[in-house]
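A.B. asks: Below, each chain spelled out in residue letters.
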Amino acid sequence: MADLLKQYDVLGAFWMTIVLTVFSAVGSLVIGTVVAVMRVSPVAVLRTMGAGYVNIVRNTPLTLIIVFCNIGLFVNLGLRLADKSSSTFLVDNNIRLAVLGLSVYHAAFVCEALRSGINTVPAGQAEAARSIGLSFGQNIRHVVMPQAFRGAVTPLGNTMIALTKNTTVASAIGVAEASGLMKEMIEFSPDQLVLVFLVFALGFVLLTLPMGLLFTTMSRRLAVKR
Amino acid sequence: MTSQTVLFDTPGPRARRRHTLAAVVGGVVLLGVLAWVLSRLAARGNLTPAKWNPFASADTWTEYLLPGVVGTLEAAAISIVLALVLGLLLGMGRLSENRPLRWFCSVFVEFFRAVPVLLMMIFAFNLYAVYQVFDSEQLALAGVVTGLTLYNASVMAELVRAGVGSLPAGQREAGLSIGLTASQTLRSILLPQALTAMLPAIVGQLVVVLKDSALGSIITYVELLAQGQTLGTARANMVPAFIVVAAIFIAINYLLTVLAGRVERRMRRRGHTSAKAAPAAPGQAG
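Chains as they are written, first to last, in this note's numbering: chain V, 1 to 226; chain Y, 1001 to 1286.
No lab work stands behind these hints: they were computed from the structure. As the structure is a prediction and not an experimental result, all values here were calculated from the model. Note that CB positions come from ideal geometry on N, CA and C, so glycine has one too. One or more hints might be untrue.
[Unchecked claim] Think about it this way: if two alpha-carbon atoms lie no more than 25 Å apart in a straight line, the pair counts; the simulated SDA-like pairs of lysine to any residue are: (1) V/Lys6 x V/Ala176; (2) Y/Lys1051 x V/Arg80; (3) V/Lys84 x Y/Lys1051.
[What the hints assert, rightly or not] Examples of chain Y residues lying across from chain V (beta carbon under 10 Å, computed): (4) Phe1008; (5) Leu1030; (6) Trp1052; (7) Pro1116; (8) Leu1118; (9) Ile1122; (10) Leu1167; (11) Glu1173; (12) Leu1176; (13) Ser1177; (14) Leu1180; (15) Gln1184; (16) Leu1210; (17) Arg1265.
[Claimed, not checked] Okay, the calculated bits of chain Y under chain V, using three or more residues with CB under 8 Å as the criterion: (18) 1017 to 1023; (19) 1185 to 1198.
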């Protein structure tokens, strides 16, 4: 056990998992919020675009999106997200492509979580906002979204926990995160199979359990009392 | 949907002009992005007939895509059946009066919900390989099915628990008062109602299973994504192959989503709304 931990950089792999999680969380929240606003906007074209995004992305396997980010966007279409002259170009580029894929995929779920949050805002609030002359943009910014975020903490939390677990898919394009290292360790020490799995499984339990508790507490404390 | 109509007034002439402007800008941006994507695709020669012709020939479908679809559906079908059975048992275990059993089922469910499906697949694949549980041809399928089953059974168990929990307390009390034991009440009164109420969520979960089966490509299982990549390499049309594979996945999953919606509406019409269907956990692995 101690040998294994000395031989392999387990903490480093989990650090990569955390890095992927944090950046993709920010990315998916930004994209997801924009799509959610589009989906409730008065402009039919934007609503359709938002719905199309969610329906397409939500029904595509994440593995396909991530692999496409590498083979499609980078190898075939030449999209570069890192400095090409840098010696770590391939590694950096793959990490950023993975973050892009994870953000795009989870944004669809963030959007749906926010829409469920918008539904928790009583109709009277939006009507009141309209009746004092706020425009759709002001209404969304000052009245609806602040409450929607607080009402959507639970589904947003579920999405973020799923995102943490889904970062493992980045190993499909060679990003050195937890599942990639686990595969490598199992290949080189098959006799320690169960132990290696338990270490990594425990790592994910340790990552996601506090997140779950945090989101439960937050959803209780942030809930708008009505 | 109801919130949409209250967020903005029926537009007047100025607002209508603004909305038209926003629609035009949105449309132009969308078309611009599409044009950019198409020009990139064209610049790399991805739009030439040579890249797309393979999809007109029967071999492409019989040798690559259809076996991929079969692999995906096979893994998904086996997993969903096993997950339903195991999930029902785990859900009943979590609701049981027997404390050790309840405790065991709770730990099992919480553990396998926290562990990424891919880790379970890699572990199961290697476990079966080391102990030679399955012959080498079945290894990858067994790994995929194990990972999908353990995770989705845990989700199903939670669905069962949420379904039973959302039934009116009177249902259980009535069962007990006519002399049924707690487990008889659970089996003959609570579970049938909970399962009907959860049906839409269970159908929705099928989409998750189907998408997650694509993880199998990482442990060499022959499914649609893996076949798409093989096809892309063989015919040197990687991007078109990805687009076609994505379209097949989206079509199948979209149909399942529509089916889930249908089931839900049908339930509502028949008055099975006592239990509010908990939304399936969003954004699971795929």
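A.B. asks: Holds or violated: are the alpha carbons of Y/Lys1051 and V/Arg80 at most 25 Å from each other?
C.D. replies: Holds - the C-alpha atoms of V/Arg80 and Y/Lys1051 are around 24 Å apart, at most 25 Å.
A.B. asks: Interface hint check: Y/Leu1176, Cβ to nearest Cβ on chain V, cutoff 10 Å. Holds or violated?
C.D. replies: Violated - the Cβ of Y/Leu1176 stays beyond 10 Å from chain V, reaching only about 31 Å at its closest.
A.B. asks: Does Y/Glu1173 meet its interface restraint, that is, does its C-beta lie within less than 10 Å of any C-beta in chain V?
C.D. replies: 29 Å, violated
A.B. asks: Given Y/Leu1210 was flagged as interface, is its beta-carbon under 10 Å from a beta-carbon of chain V?
C.D. replies: 8 Å, holds
A.B. asks: Under 10 Å is the threshold here; is the Cβ of Y/Leu1180 close enough to any Cβ of chain V for the hint to stand?
C.D. replies: Check failed: Cβ of Y/Leu1180 comes no nearer than 34 Å to chain V, outside 10 Å.
A.B. asks: If you take the shortest Cβ to Cβ gap from Y/Ser1177 to chain V, is it below 10 Å?
C.D. replies: Since chain V brings no Cβ nearer than about 35 Å to Y/Ser1177, farther than 10 Å, the hint is violated.
A.B. asks: Going by Cβ atoms only, is Y/Pro1116 closer than 10 Å to chain V?
C.D. replies: 4 Å, holds
A.B. asks: Verify the interface restraint on Y/Gln1184: the C-beta must sit less than 10 Å from at least one C-beta of chain V.
C.D. replies: Violated, about 34 Å.
A.B. asks: How about Y/Trp1052: closest beta carbon in chain V under 10 Å, or not?
C.D. replies: 15 Å, violated
A.B. asks: Holds or violated: the region 1185 to 1198 of chain Y covered by chain V, criterion of 3 or more residues with Cβ-Cβ distance under 8 Å?
C.D. replies: violated (count 0)
A.B. asks: Does the alpha-carbon distance linking V/Lys6 and V/Ala176 stay inside the 25 Å limit?
C.D. replies: Answer holds: V/Lys6 to V/Ala176 is near 17 Å, not above 25 Å.
A.B. asks: Does Y/Leu1118 pass the interface check with chain V, least Cβ-Cβ distance below 10 Å?
C.D. replies: 4 Å, holds
Checked against the numbered hints listed earlier, the structure breaks hints 3, 6, 10, 11, 12, 13, 14, 15, 17 and 19; every other hint is satisfied.
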